[in-house]
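Can you build the whole structure from these sequences, using the hints too?
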Amino acid sequence: MQKGNASTFDSPRVRFVMRMPVPQFFANYLGRKLFRLLLTIQGLGAFALITLGVMIKKFGAARHVIRPLVYREISRSGVRLLPMFLFLAVTLGLLIVGQTVSWGSKFGATHTVTQYLGTIMVIGVVRELGPLIAAVLVLARIGTANVVELGTARALGEVEALEALGIDPVHYLVVPRVIGMAVGMFALTVYLIIAALASGYLWAFLQNVPLRPGDYFGQLAAALNGLDFVLLACKTVAFGFIIAIVSCYHGLAQPLRLEEVSYATVRAVAQSVIACVLIDALFIVLYLAT
Amino acid sequence: MTTAPKTSTGPAIEMCGVSVGSMRDMDFIAVEGVNWTVARGDFWIISGLQGSGKTDFLMLTGGMMAPAKGCYYSFGEEMPIFEDDRLQERLKLGFVFESGQLFNHLTVSENISLPLRYHHNLTQADTAEETQRLLELTELAPWADSTPGAMARNWQRRVGLARALMLRPEVLLLDNPLAGLDLRHRAWWLNLLEKLSRGHEWMDGRPMTLVVATNDLRAWRGEGRQFALLKDKHFTVLGGWKQVEAANDELVRELAASVPHWD
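Sequences listed follow chains H and W, in order. In this text, residue positions in the first sequence follow numbering that gives the first Met the number 0: the first is 0, and each later residue adds one. In this text, residue positions in the second sequence follow numbering that gives the first Met the number 0: the first is 0, and each later residue adds one.
These aren't lab readings, by the way, just hints derived from the structure by calculation. Be aware that one or more of the hints could be misleading.
Here are the simulated DMTMM-like pairs of lysine to aspartate or glutamate, each with C-alpha atoms no more than 20 Å apart in a straight line [as the list claims (entries may be wrong)]:
| hint | chain 1 | residue 1 | chain 2 | residue 2 |
| --- | --- | --- | --- | --- |
| 1 | W | Lys-232 | W | Asp-248 |
| 2 | H | Lys-57 | W | Asp-84 |
| 3 | W | Lys-232 | W | Glu-249 |
| 4 | W | Lys-232 | W | Asp-26 |
| 5 | H | Lys-57 | W | Asp-248 |
| 6 | W | Lys-241 | W | Glu-222 |
| 7 | H | Lys-57 | W | Asp-83 |
| 8 | W | Lys-68 | W | Glu-13 |
| 9 | W | Lys-230 | W | Glu-249 |
| 10 | W | Lys-232 | W | Asp-24 |
| 11 | W | Lys-241 | W | Asp-215 |
| 12 | W | Lys-230 | W | Asp-215 |
| 13 | H | Lys-56 | W | Glu-82 |
| 14 | H | Lys-56 | W | Asp-84 |
| 15 | H | Lys-56 | W | Asp-83 |
Only part of the chain W face toward chain H is listed, based on derived beta-carbon distances under 7 Å [stated by the list, open to error]:
| hint | residue |
| --- | --- |
| 16 | Met-63 |
| 17 | Tyr-117 |
| 18 | Trp-201 |
No residue lacks a Cβ here, since even glycine has one placed at the ideal position from N, Cα and C.
Rendered as structure tokens:
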């Protein structure tokens with residue numbers, strides 16, 4: 000059991016800042032917002048480090064209990080979302096190809112569109128929209144469920160029960176969710192991208208774009224490089240990790256009453272979206288720098 | 000699965016000048032200046048009104064939080080224990096929550112077997128025999144595959160007891176175990192706790208040390224039990240039942256008044 004792992008971030012100082020009445024001066028308001036932001040970053044950072052520490056320290060511990068939980072989370076954050084992701088992938092392919100072809104016909108650039116359709120798909124789907132859409136969908140479907148489940152468990156005293164039994168709540172509740180969501184997010188994004196690229200050609204074919212399959216996939220292969228695969232893997236795993244950490248932090252790391260669970264969910268969604276967008280921006284910078 | 004307890008020195012519980020914080024707010028002191036020694040095999044009843052700090056006191060005793068002040072030893076080990084290598088010492092203390100605090104996504108069997116599975120890295124099948132014994136001991140076999148939400152509260156609390164017993168603790172801390180129970184369930188609990196105190200076959204006949212927090216002393220009258228009172232942030236040892244009956248404190252007289260027949 001980790002000392003103070005579940006209630007480190009709850010103190011009268013933090014609660015005071017979080018629940019103070021609305022200030023009268025704009026400067027006070029800004030200062031308070033900034034202070035809250037710093038406290039949130041501190042709390043999330045500490046929680047992420049604690050989780051990583053537990054993952055390393057308890058690697059392989061109680062594997063007959065933890066491993067089934069990890070499989071369950073992979074199924075929940077990955078396999079079960081596959082049908083919805085495939086539907087969205089087909090739609091994504093349609094949107095990008097449809098818009099591009101429509102723009103090309105309007106400006107008489109059909110030849111250019113034909114020449115660069117694969118490149119456009121790589122830039123749009125592989126590098127940006129695929130991972131980001133996957134992150135937002137996993138957040139909406141599983142991240143919110145995590146906050147509600149853990150928040151309710153916290154409010155009903157299940158975390159204290161785990162501690163009383165000598166079971167580390169971070170090991171039992173957080174680690175499987177983090178691993179499951181990181182793996183699930185990576186796998187789902189790969190499937191989403193493959194399906195979107197395939198459906199992109201289908202829509203191009205249906206719109207009578209003069210492009211042979213071999214040329215289209217040749218364009219895709221030419222536009223992709225090794226760095227794309229590395230960054231895609233890192234980005235999707237980072238998205239999964241961040242969403243799991245933020246949702247578990249808001250559900251678990253501070254004492255909650257049942258009526259506070261909905262507010263915690265809203266905070267978790269907002270902070271997860273912001274964190275994912277910031278990570279995405281960081282990866283763009285990395286990509287441009289290399 | 001039965002493991003012999005490690006030989007440890009010292010009483011089951013020993014507190015000197017302990018101040019108890021609150022699980023909700025560590026800056027709040029719920030009880031202060033506790034000097035208390037519990038010998039092995041003792042049966043203690045801690046009484047007090049709601050809000051007197053009984054739950055926080057039990058949680059500190061169970062090693063879930065550190066004393067705000069003072070020192071606390073259990074079987075000679077300084078508490079609280081957060082280190083993995085000393086965890087077995089802390090698991091000598093079992094805890095039964097007032098509301099059960101069950102894991103609602105697990106079945107009754109899974110709830111009961113979880114601590115053993117986690118600490119000994121076992122599958123559900125490995126613990127089936129032990130779980131079945133506890134299900135029969137607590138008369139929960141018909142609900143083995145139900146989730147706690149499908150059970151009445153009377154029975155949910157028994158799941159909490161079975162889960163705490165799974166690790167065969169030397170000391171069992173019970174938070175208001177009779178609250179809201181009907182007459183038959185009360186009689187069952189009193190009977191089982193008495194057997195555990197004397198030495199139950201589940202514990203291979205070893206007497207279990209029991210500490211019960213309650214807001215009603217009447218059900219716990221009897222010889223061989225020791226009583227204490229939590230009032231106005233102070234912990235007072237009352238002694239045996241005769242001393243409780245002879246006490247001048249108005250609250251003690253209220254808590255011990257009118258003896259009903261539970262058995």
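Comparing the hints with the structure gives:
1. W:Lys-232 to W:Asp-248: holds, 15 Å
2. H:Lys-57 to W:Asp-84: Holds, because 12 Å separates the two Cα atoms, which is no more than 20 Å.
3. W:Lys-232 to W:Glu-249: Roughly 16 Å separates the two Cα atoms, so the pair holds.
4. W:Lys-232 to W:Asp-26: Judged against 20 Å, a Cα distance of about 14 Å means the pair holds.
5. H:Lys-57 to W:Asp-248: Measuring from Cα to Cα gives roughly 51 Å; hence the hint is violated.
6. W:Lys-241 to W:Glu-222: With Cα atoms ~8 Å apart, Lys-241 (chain W) and Glu-222 (chain W) stay inside 20 Å; holds.
7. H:Lys-57 to W:Asp-83: OK: Lys-57 (chain H) and Asp-83 (chain W) at ~10 Å, within 20 Å.
8. W:Lys-68 to W:Glu-13: Given that 20 Å is the threshold and the Cα spacing comes to 14 Å, the pair holds.
9. W:Lys-230 to W:Glu-249: Holds, at roughly 11 Å.
10. W:Lys-232 to W:Asp-24: Roughly 15 Å separates the two Cα atoms, so the pair holds.
11. W:Lys-241 to W:Asp-215: It holds: about 16 Å lies between the C-alpha atoms, which stays within 20 Å.
12. W:Lys-230 to W:Asp-215: holds, 14 Å
13. H:Lys-56 to W:Glu-82: Between Lys-56 (chain H) and Glu-82 (chain W) the Cα gap is close to 12 Å, so the pair holds against 20 Å.
14. H:Lys-56 to W:Asp-84: holds, 12 Å
15. H:Lys-56 to W:Asp-83: holds, 10 Å
16. Met-63: Hint holds; Met-63 (chain W) Cβ to chain H Cβ min 5 Å, cut 7 Å.
17. Tyr-117: Given a least distance of 5 Å, the restraint on Tyr-117 (chain W) holds.
18. Trp-201: For Trp-201 (chain W), the interface hint is violated, since the closest Cβ of chain H sits about 17 Å away, which is over 7 Å.
Comparing the model with each earlier hint shows violations of hints 5 and 18; every other hint is respected.
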